[in-house]
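Asks: As a plain string of letters, each chain reads:
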Amino acid sequence: MKRAFAIVLLVLLTLAAAVVVLNFRDEESIDASLPSSPATPEQIARGAYLAQAGNCMGCHTTRDGVPYAGGRGIETPFGTVYTSNLTPDSATGIGRWGPAHFWRALHNGRSRDGHLLYPAFPYTNYTLLRREDSDAIYAYLRSLRPVVQANRAHGLRFPFNTQPALAVWRALYFKPGSSVNDAEQSAEWNRGAYLVQGLGHCNACHGSRNALGATSGTLDLGGGLIPMQNWYAPSLSDPHEAGVAGWQTQQIVDLFKNGVTHGASVLGPMAEVVSGSTQHLSDADLRAMAVYLKALTPTQSESAPPASPSSDLASNRGAKLYEQHCVSCHGDKGEGVPGAYPALAGNRAVTMKSPANLVRIVLEGGFAPSTAGNPRPYGMPPFATTLNNDDTAALLSFVRAAWGNRGSPVSVLEVDRYRGTAK
Amino acid sequence: MNGLSVLFGCGVFIASLCGAESALAFEDSIAQRVQACTGCHGKQGRAASDGYYPRIAGKPAGYLYNQLLNFRDGRRQYPLMTQLVDPLSNAYLQEIAGYFADLDLPYPAPQPATVTPAVLARGEALALRGDSARGIPACAQCHGPALTGVAPAIPGLLGLPRDYLVAQLGAWRTGNRRAASPDCMAEVARALSPDDVSAVSQWLGAQATPAQAKAVAQLPAPLPKPCGGVAMEAQR
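In order, the protein sequence lines correspond to chains A and B. The opening residue of the first sequence carries number 1 in the working numbering; numbering runs sequentially from there. The opening residue of the second sequence carries number 424 in the working numbering; numbering runs sequentially from there.
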């Protein structure tokens, strides 16, 4: 008995030691000093640009709050994580952080005082950043006006609110990395890879997550339902979803820059990304991201079209609802109006496997983002108060099967699942 | 718009393969662009008084613009509104506000009151004379002698659904609806009892809108309290 106990204890201690060791991988001893010389205007400008590429402000700012002062709640399946104050206030912000502390946060996911950070802050991606880029972002944040705003304690459930649980998670799912130049690929592709996998943290939404919220790596852009938000971030490699292998490079650049392009536009969380991030990036960087995304190995998901749609479409309830509510903009052949109302016929957003976004758009409506290239977007009205779940399911099932579309029907249960998740 | 063609969004990216010529009657106008608004606020923004959504046609532009910002910045709570205005620029929101403000459309018939004449009289007294003993100014002191609003930032109170009025006064009392500080309307609403809210909403909802329903240019006397929304508009 005693012996069995000793063995169990030994195993536990070994595992604990492994967790500790794994948590300190690739960490240098920290040089806590503040920079000895002031940052150059060029470095600050570069940092401002990189902060936009990472959309740092998007999460580190509350609605109507001071930019970068933190406090926005990021809802996760494990509770709410509140973002921190990134302004250089010494008591509540990063005023006492040195560039090495900042680098360690991005590269190793640890805070100034050494505590482990939650991966809602996507250091699983930012670990790929180069040191000079980390230093530039640091210099930019230090140039902001300090704002006194204490960080809010996270609202996570047990055991997720403990550092040991986080250490175990990190031992399993986080390994510090670095961007590796692929000599087989062009400089443009490599730059795109660096932006998409690192600062852009695209897989945070466009990749799948396991039960413990871990993504399957920065290379997975195979699509995923965004936890808690219930928007489906479509696969960027699947030609039946949002794969862009068949697009012109310029078309992809336009979508990032303007929020709209020939045959596509962004709504929901991606509108936020275009608004806060991609519209501000240089054409060269957008082109690099486009080149990288175009070159993704195509995958075939379950979104492949199913066989023959039902034949009596014209007389069904969905068709009548379409006639009543949709036809004046989207047309009786689902053809839309170029430049204003999207076509529904042959539209991947309509036919892809997950109906989450379709339900959200019909019920909540929405605008594409105002951008320099599209300052006055058209908008879709919300039908949440007009269409009940049965109506919505019938309407969407019709739209997904009409005019040669071959999407699967949408059930009332699915509509119910995605209704009411608007934040 | 640099050769853009068919647009569609869906959460994230979407592609469609459509080049079909459209047979729809279509003109590139602000009215077409804001159909997202008229779904709830009624054709041309003239929601009738029998529903919930407020009429926006003809309300002062500054008031409408302030409300769009209030929804976007979290001072008003209605998720459908918030997520609609979230991705839009201030310039575009101002244009949208101006478009609806400039519409001059007939008003719907008022809603018959459903309370006793005594309650209605109480509502009328609050609206036109206030209750100085309790520090409650009359609605008319700020919203204009005919309650049709004051340009550019104070809305008219007639032609609105009773349920909407009750909900707004209630939201102001609980802090769920706010305006830029100092929030004069919050102070007034907090001074009202639930019975007051009901009485004044019943009376307002039952008034016919006068033929001349435009917001007046100026109040006969200064505002009884400082109002952040009015000040914000004056600075613009």
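Hints were generated in silico from the structure; no laboratory data involved. Just so you know, not all the hints are guaranteed correct.
What the hints assert, rightly or not - So these bits of chain A aren't anywhere near chain B, every CB distance computed over 10 angstroms: (1) C329; (2) P381; (3) E414.
What the hints assert, rightly or not - BS3-like, lysine-lysine: derived pairs with alpha carbons at most 30 angstroms apart: (4) K648/B <-> K637/B; (5) K175/A <-> K320/A; (6) K294/A <-> K320/A; (7) K637/B <-> K466/B; (8) K648/B <-> K320/A; (9) K333/A <-> K648/B.
Every residue gets a Cβ at the ideal spot worked out from N, C-alpha and C, and that includes glycine.
Asks: State for each hint whether it applies.
Replies: A quick look at each hint next to the structure:
no. : hint              : verdict
1   : C329              : 7 angstroms, violated
2   : P381              : 3 angstroms, violated
3   : E414              : 15 angstroms, holds
4   : K648/B <-> K637/B : 23 angstroms, holds
5   : K175/A <-> K320/A : 54 angstroms, violated
6   : K294/A <-> K320/A : 39 angstroms, violated
7   : K637/B <-> K466/B : 19 angstroms, holds
8   : K648/B <-> K320/A : 53 angstroms, violated
9   : K333/A <-> K648/B : 57 angstroms, violated
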